Structures are given as structure tokens and as C-alpha cells.
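K.L.:
Each chain, written out:
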Amino acid sequence: MATLDQPQISRSRGRFAGQWVDGFVMLIRIVAIVIITWGLVQFIVQSASGTGGLTGPAFRDLLVAGLAQGAMYGLLALGYSMVYGVLGFINFAHGEVFMAGTVISFFISNALFNAGWWEEAFLLSLLIVLLSSMIISTLTAVIIERVAYRPLRNAPRLIPLITSIGVSFFLQNAFFGLFGPAVKSYPRPPEWLTSRRTILGFEIEGTKLLVIVIAIVASIGLYLFITRTKTGKAMRAVAEDKEIAALMGINVDRTIVTTFAVGGAMAGVAGLSWAILFRGVSFITGFIPGIKAFTAAVVGGIGNLAGAMGGGVFLGLAESVAPLVILEPLGVTGVSQLKDAVAFAVLVLVLIFRPTGLFGERLSARDRV
Amino acid sequence: MSLLEISNVSVSFGGLRAVNEVALTVNEGEIVSIIGPNGAGKTTFFNCITGMVKPDSGSIRFQGTELIGMDPNQVTTLGIGRTFQNVRLFPNMTILENIMVAQHCRTEQGVWGALFQTRGFKKEEKEIRERANTVLDFFGTRLAGYRREQPAFVLSYANRRRLEIARAMATMPTLLMLDEPTAGMNPRETKELTQLIGKLRDEWGYAIVMIEHDMKVVGTVSDRVVVLDHGEKLTEGDYETVTHDPRVIEAYLGRPPEDA
Amino acid sequence: MSVDWSRARFYGINGGITLAFICAIGMVEAFDSRSVINPGLTLGIVALVWVPPLLAYLATRRKALEGFEAEPAGAQDLGAGALVGVITGLILVVFVWGVDALLEAGVAIRDVFPRLSPAMIEIVTFGRGLGAGLTILFVGCVGLATAGAALHLLSRPVRRGIEFGLLYVLAFSLLEPVVTDILEDNADALYARTGGLKPSAAAVIFLLTGAITAWTTHRNAPSIRTRYGRMDLDVQRRVTIAGVLISLALFGILPRFLGGIMNELLANIGLFVLMALGLNVVIGLAGILDLGYVAFFAVGAYGTAVLTSPGSPAFSPELSWWVALPIVIILATLAGLVVGTPVIRMRGDYLAIVTLGFGEIVRILFLSDWLSSSFGGSQGIRQIPGIEWFTGEIKGVDPERIFYMVAIFVLVAVYVSWRLQYSRIGRSWMAMREDETVAEAMGINTVTAKLLAFIIGAILASWGGAIFAAKVGSVFPNSFELLVSIIVLVVVIVGGMGNIPGVILGAALLIGVLGGPTQPGLLQEFQEYKLLIYGALLVVVMLVRPEGLLPSTYRSRELHHEEMDQDAWLKAGVGAGIDEEEPAL
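Respectively, the protein sequence lines represent chains B, X and F.
All letters in the first sequence, in the order written, are residues 267 to 635 by our numbering.
All letters in the second sequence, in the order written, are residues 10 to 269 by our numbering.
All letters in the third sequence, in the order written, are residues 108 to 692 by our numbering.
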């Protein structure tokens, strides 16, 4: 005999909502799998019979292009992954960190070109540009952290995210105001670099090879830094659990700044890669690659640095290959326009179906709900 | 038929077996206390029943319906209300709103009613308020008067625990699950709350499953006591028998030193 | 607590860099064409002039702990203010001199920084050449900064009088088009022929409003909000209804007096208010950060375009706008379901990014050649007819009637938001926002609650899209960029999340003054810089006042409740929500 009058309502209405959601999600899964497999099948059929699809060398070129671009995304993704692992939010402004490095380094490359160094001492020039890009990106990242993120260390989850959107916007438009809207083109790398060469039986453009090599070197450097140095260990500790790390005597603030700095440095390397691959930079250069790099970080497993690189490569390949290998055989026209849509689709699908990423995420204790 | 029939429920997190083949029966109108040392898996067991954790095996039947696989809100709708070990109120909602929102699954007015202010809508809002006040009145002067329009975070610790219980009551359950209801309270508050828990069974007709550490509370008000240790059910029975069981004493205090 | 000199130095350096930045991005030059006070003060100078006093004011601000009195300001503060001014001035002077020297030497700095022009230097040196100009600049910085610090020396009424006086002068200058439309020839008393306030008018406004503000502050009258909060509930309701009716009447009559351009602005503000109200339901009430909101706007616009326009490529039933509207609502509902369902179980930040992804995918699809047979690709869809009304067709060329149409929908949206907020559904959203896990445990089906929020938000945005399509007469994919979602987000946040009057105020202020993504606001000169300001505003608001301009009491509780806890305890005693224990039983 409860003292509250029980109203006579049968509560079956909401019970099925959860099932509808699961059903709908299953439907998306099925549709995605069908599209992908059917597209692949068509591709193979068309290539084999010569009615469409791609030739072997063309396909290989696509793969290489995707690999190079993916290496760049991977470098950028490292920054997103590290910041998310440590502070638990998406640093929307990381794309602009990348953009700052590559835009300002353009002027340096221009000066080097005018002085004749670009042609004569190309590798030295490249090194100078690389250093400047890394320094600028690192500075930008560190300043942003100090000004916009540190005061919000204890704020509810979504507030730093919204702030980073504001920072991203501000930086984009600040660069627009300072340097103008025109696209600035890096000078062309010398002939001996851009020519194709044969490695292991593969024909590959020198620039793409260089980008891949740079990415590998940077990754190895980062790996050694994270695993072998004290600072690296501190970063991992802070990423695991900030409070306990502080109790262990680690200067959390300084470690967080270091995290941003390292992420910025990687973005600087990515900036050089962009300069070599695409040459054209402007205030808007960071926006789409930034989102794609975040996608890569999630695909690989947020917080997981090896995963970030892996996710980057995966995304680069998918973006390069999917329009021509899956969509075009299905009869979709103008697939090159849809490259970005493919990247976004990968983002959406991964977040729906495997939000922990392909290689597993690494979150701090607080964020592991 | 008993109200709640749990058989062979097991839960593992990674390599750790948090709950191991636990069985339990709860009948209408009785208070069952679950005791055991820290880390025994008591809250995880609670979470299995309320749907927040999915057990790896076993069966949990409430009034004949299988609970495993249900979402937490479905479990609540069926008639199980719960409180949390670390009081989780809606801090920025007023005290009254906390209680009003808990009646969500017992009310039905939706967009139509809200937009067109139908008679049904107004009637339901009035009823929700009245029921909320009735539930809060149960706690006497503690949660009375002007206070009900204040945000919940202004409450003192003891009052927050009371509000938690009031909120669970507002979901109009048949079974109340209280997770350490008197934790952190001083002796006077504890005594008062123990009496209220008794009243919940006697006057309001709830069956209650309670995790408790305070043996006085357990002894005063329980009909039955169940002991969990390392995820397993050690024993069950009435308070006197259980607390004198040497296995239970060993679980709490450790093995007595070997006589040399 | 004495003056913090290192803080003064820090603010000084920041001030100098900010001033150099403002010059380098070309704001000074671009704004110089607009007079605030004519003659005397151009907007270009205003863009610089606000920095030294503000920074000096902040640098010398003293924090008073609760229960303590702030130490009174003294000569030391003036000194600190002057220091801020000196550093700021020095940096700016060196910068200007440096730029000038480089330009004279023929160094091609304009290849890097195209906006560093001789014209800018002209303006900044007040046309008096480098020597005199830079001196004026430096002295000006020091003087203004000292004045800013001196504000602390003044009593509170006088200080507020000055602050508000300046604000009103600025407002009158900004609202020149509006005021001239209303007063017509009488406006000559206030404004000069070539634009800008007459100095005499500016002085009168400043003194008058300043005096009034100082007087009311002196009398320590409780603010309107406090008085409102203290009223009895029935009196409160009557006051609210009266207020609403009066505002409605004012807004109903206003467009009659305004010219076409201002009405166009009002109509644009209205459209953004509509979208902001929809996003407010999603973010403010349900707590879901949706960054792809523009997709629903696009669904409304393209839906209307396809259904009503004879120019629609694949399928053109050429329905009337009113017949198309219910269909558009259904489409929006479906879109809300399609977007909402997959993201239901995601955590907040992932949800934000996925919705952003959805928004972009929608735009890319509308833009693509692949679907151009249905949606016109980059050419879009044209020849969209207007909205039929008893008095004729309402089209974009008649902004006054468009505004009334928008206003009707805005009112409906306000009603819907309001009713839902204070209902069972609103409470379940609030609970979900507070603690989703516990809300589920209390019997709330978070799936249906979230989907409902998405759907309502989608429907409101689609109304905006439908009116937009009819207003402009054509839709192009470029109108539906991520930019729009972000601007609506800024409006909601700056105005005050979850708070209907706040959202309306935010839209009116931001879109009215700065303008929308493509639409100009009152300050047309801001066109190039508005996105910069939007970004800066978002960051500043998040850092300083995340609950927005007009916070709902709920939201300030949420964001500041440690402070409120503390205050409640300190103000102690019965009736402040502190528990007294009952006497021993």
C-alpha cells in the first residue's frame, strides 16, 4: 500500500525507441558495407575488362599519393591525439597551428628563393624552412594553450572545445587580415627532386618519397622522445592521470605545455610536407586538413600515438582511393569533388561503429567514463 | 512469487571477476541488507540489477520479467528505484524539480500537451507537484517549505542523501535499492534515517535492498542479511546468525593469528 | 594590496602588440572612412583608442575578497596606468616608425603584410607627419591609459556615468541609419551631413545619459532584474505580459519608419533569431553541441526550392509556399532523425564533430555535379517564388513584409521553446544535461529525449530556410557553409544559452552590429573583420562570462556554483539556504 496513487499508465511507448535506434544504426552499417563491397566488385570487373576502373600504374600512383598525404595527416593527427589524451578535449585550433607554420615559412622560402639559395642549396633551404615551420607552429600552440586553454582547465567538458572553435576562427581571420586572402605558392622544388624514380620496382615521385621519409623520421624521433626521455614519460603519466602525476612530483602545467609544443612541432613538420606536396598556402589551409587529421586521430584511436599515424595513413589511402575505386564504378560522377565527403564519411562511420578507433583509444582516467 | 529472483549472476571486468555466481531472492515488503568488506562487488551487483552493467551470465527476474539486457530507464519503469553511493543529484535543478523529474516514467504528457496547454497537461503538472510535495513531506521539516525552490547544491550532506532517497521514491517503485544510505552521517542522523527506512517498508509498502556498512542500521531494520566477499555470496540469514558466522568475521577482520 | 607592477608591464606589452596588430590587419584604414563624431573622431581612431584605457583599467583593478573592502585606489594606480600607457605607446610608436622607415627604404614589406600602407601611417599620425604625429600618439596612449586607471579613483556613480555615457554616444553613432530613418529631417540636429554625430550632440548625449546613470547608481536603486525577481508570481506574470505586449507593439510599428536597408537588416536578424532559437533548444535545453546545424537550414531552403520553384531541375511540382511548408517540416523531422539517431550514444565532443561532418557532407552533396540534376550543383536553384499573402506576394524586394513574416515565425518559435522548457519534457532535458547516467536511472528515456530535441531544432531551422529561400528567390550551396553554424553558435552562447530573451538579444546585437556570414550589419566597414571579431568574442566570452550576456539564473548557477556555494555560506544564517540542524530529538 504505497502512499502515492499509482497512475494507470502502461509505459510501453518509449521501450522500443532504443530498438529503433539500434535497428537504424544496423541499417547504416549494412548500407555502408553493401556500397563498399559492390563498388569494389564493380571496380575489379571494370578494370579487368578494361571498360573502366584503373590501370595498374594508375592505381599504384593513387596509393602512393594517398600514402604521402596520409603521412601528413598522421603528423597532424599526433597533435590532436596528444592534446586529447592529456586534456580531454578536441583542439579545434590545431589546424591553424599547422597553417601558421606553413604560411609564415612561405615568406622565408620566398626570401631563400630570391637569394638563390632555394635552387643552389636546396636541402639547406629545406632544413631552414622546416625549422621555421616547426618553431612557428610550436610557438602558436604554446601561446594558445597559455591564453585560451589554461584558464579553462577545470571547466565542464564542452567549454574548451567551444573556445578552441573561437580560437580557430580568430586565427584564420587574423592571418587573412595580416597577410591577405591570396594563395601563396611555395617555389617549385628543383627538378632532381620532383622527378620520378624507381624504388623496389615502384615508380614514385621524389616529392612524395621525401614526405614519407620525413614522416617516418619524425615519428621515430617522437617515439624515442616519448619512451626514452624523462619529459616523454612525464607526458605519458599526465595523460594517464593528471592528479596522480602531480602527486608524483611532476610539474603538470609544464608537461601540458610540452605536450602542446610537441604537437605543434609535429604540425610544423606537416606544414613542410604540405609545402612540398601542394605548394599553395593561405589562411584557410588549415581548416579541412585539420578536420581530416582529427578524423585520422579518432580512426586510429584517440590518445594512441601509433594509432594516430596509422589512422592518418588509413585516411589518406581511403580518401585517395575510395572515390575512384568505390564511388566511380557505381556510376557516381565528378568523384574528385567528393574527396572531402569521403573523409567526412569515414569520420562519421568510424565514430558510429568503432569510436574507440582501429587500434584502441588511450584516455586518461577521468575521461574513461 | 518473489519480487526479485537473481540466479548465477557473474560479471567480469577484464581479468577481474567482480561478481561471481551470486544468487538472491527478495520478497515483497521485506528489507534485505547486503553487507561485505569494501571491494566485495556490492555496487557492481546493484548496477547489474538496474541495468547499468550487463552481466556476463545469469538471470535477474523482477516480477517475472527478465531484466538483463534492458536499459536502465526500462528497469526503473518496471518499478525499481535506486540511490547512488556518491550522491548524484541534479545539482542545479531545484529540490522540487529533482523530485518532479523523477516522475518522468510515470507521466505521459508530451509536446502536444505542453504546446497547447491542454487540460490533461495542466492536470498532470498539478499532480506531479502534489506527489513531489507528498514525497518530500515524508522527510518532515528537513526538506520543507521555501527550501524546495532552491537549487539542490545548497543542501547539506545529510539532506542530499535524503533527497536522493526522496527522488528514488518519486519514481514510484515497488523495490527500492539504497546504496549506503547512511554513509557519512552522524549518529543522530543515522538513527533518524534508520527509522525512516523502517517506515518505508511498513507504511509505504516498499521492498528494500540496501547496501550498508553500519551494523547498527543493518541490525535494527533488516529482515534478512546477505554477505558478499570477493564477488561471492558467503552466506545469508538473519542478522544474529550472520554476524556470528566465523567466515563473515574472517572476511571483515582477517584470519586470527595462529596460536604459536 | 599594492599595485602589481609586473601586471602593468604585462598588460602594457599586450596592449602594444594588440595596437600593432590592429594596424597591421588594416582595421584602422578600413574604418577610417566612417565618422563617429564629425569632425573629430573616426572609427579608425576608435579602433585604437579603446586599448590603452581598457588595459590600464584592468591592470589596476583590485580584487576584493568576499567580506573585505577593496583597498582604495591612489596615486600608485595612476602611476601603474601611466606605465601601461608608456609601454603601449612605445611599442606602437616604434612599430609605426619602423613601418614608415621600411616603406621609405623601399623594402617590400607589403608583399608580406599587404595592409601596412602609407595611408594607415597617415591616419595614425593624424596627418601631421612622423615627428608630431608619433608624439601625439605616445602622449595620447599615456594620457588615455592614465585616465583608464583613474577611473578607479572615481566614485562608483561617476565611474558608471562615464562608462555608460560613452556607451550611449557609441550606440547613437552606430544606430545613425536607424535614428535618421525614424526622425527623418529632425535628425539633422544630431548628425552631420557627411555622417557621424555632431560634436555638440555627442557632448549632450554623453552628459545627459552619464548624469542619469550616475544619479541612479548613486541612489543605489536595485536593478530591474532584482526587483522583478522579488515580485509576487502574479504580479511578475502581469509585468511580463505587459513587457511582451509593449515590445511586440514597438517592433510591429518600427519597420514602418525604417527604410529598406534597415528593414532588410531586421529581416536578417529575424532569420538568425529563428535559427538561434532552434539551436538553443538543442544546446541550451538538451545540452547537445550540434555543429552541423546549418544542414537543417539547408534542408528547409532546398526543400522549399525544389517544391516551389519552376527552375527546379528534376522535380518541380511548383507548389505554393504554404503548401510546401508542411512537407518541409516533415523533411526536417526526417533529417533530424537521420542525424540524431546515429549520434545518440556518443559522448559530447564526438557528437559535435560528427554533426559537423554531417553538415559538410550535406553541403558537398548539394554542391556536387553528381546530384546537380536534382539540386542544381553550384548553380543552385533559382526562380523561387515568394510567399503568397492576402495582400500580394511577399518577396525579398519588400523587406518590410518579409520582416513581418519572419517575426510571426519567430513568435511561434519563442512560444514553442518557452512552453517546452517549462514542461515535463523540458525537465527531462535539464536532467539529461546535468547527469545523463542518473537521468536514465530516474526513468528518462534519453534516446527519445535527444531525438525530440534534434527534431524540434531541425524544424525551427527549416522554417528559417524556407523563408530564406522565398526571400532571396534562389538557393546556392555557398549559403550553407559551416560558417553559418558557427555564427549561430556564437549568437546562442554570447546571448546566453538556454535563455530565450538572451538568445534574441544576442542575435540582435551580433547580427545587427556585425552582420551575418554574408549579410552586412549596421557597420558595413566591419564586413572584412566580423569573423575575426566573432572568433575573438567567442574566446573572450568563454573565458570571462560563459553564461552569456543575459544568463538564465540556471546557467549562472551551473557555471559558478562553487562561488555561489561560498557566498551562500558567508552570507550565512537562516533563510539563505543553509541548513540548521533540528534540536536534539
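Honestly, the hints are just simulated from the structure, not real lab data.
Warning: the hint list may mix true and false statements.
Stated by the list, open to error - Residues on chain X that point at chain F, a partial pick, calculated with CB under 7 Å:
id : residue
1  : P81
2  : N82
3  : T86
4  : M102
5  : T103
6  : A111
7  : C114
8  : L124
9  : T127
10 : G129
11 : T252
12 : H253
Note that the structure is a prediction, hence the values are computed from the model and not measured.
For each residue, glycine too, the CB sits at the ideal point set by N, CA and C.
K.L.:
Next, verify each hint and record whether it holds.
P.N.:
Cross-check of the supplied hints:
1. P81: holds, 4 Å
2. N82: Where the cut-off is 7 Å and the nearest Cβ of chain F is about 5 Å from N82(X), the hint holds.
3. T86: Hint on T86(X): holds, closest Cβ of chain F at ~6 Å, below 7 Å.
4. M102: holds, 6 Å
5. T103: Check failed: Cβ of T103(X) comes no nearer than 9 Å to chain F, outside 7 Å.
6. A111: holds, 5 Å
7. C114: This interface hint holds because 3 Å falls under the 7 Å limit.
8. L124: Because about 5 Å separates L124(X) from the closest Cβ in chain F, which is inside the 7 Å limit, the hint holds.
9. T127: The hint is violated - T127(X) has no Cβ within 7 Å of chain F, the shortest such distance being about 11 Å.
10. G129: Violated - the Cβ of G129(X) stays beyond 7 Å from chain F, reaching only about 12 Å at its closest.
11. T252: violated, 27 Å
12. H253: Violated, about 31 Å.
Of the numbered hints stated above, those contradicted by the structure are hints 5, 9, 10, 11, 12, listed in ascending order.
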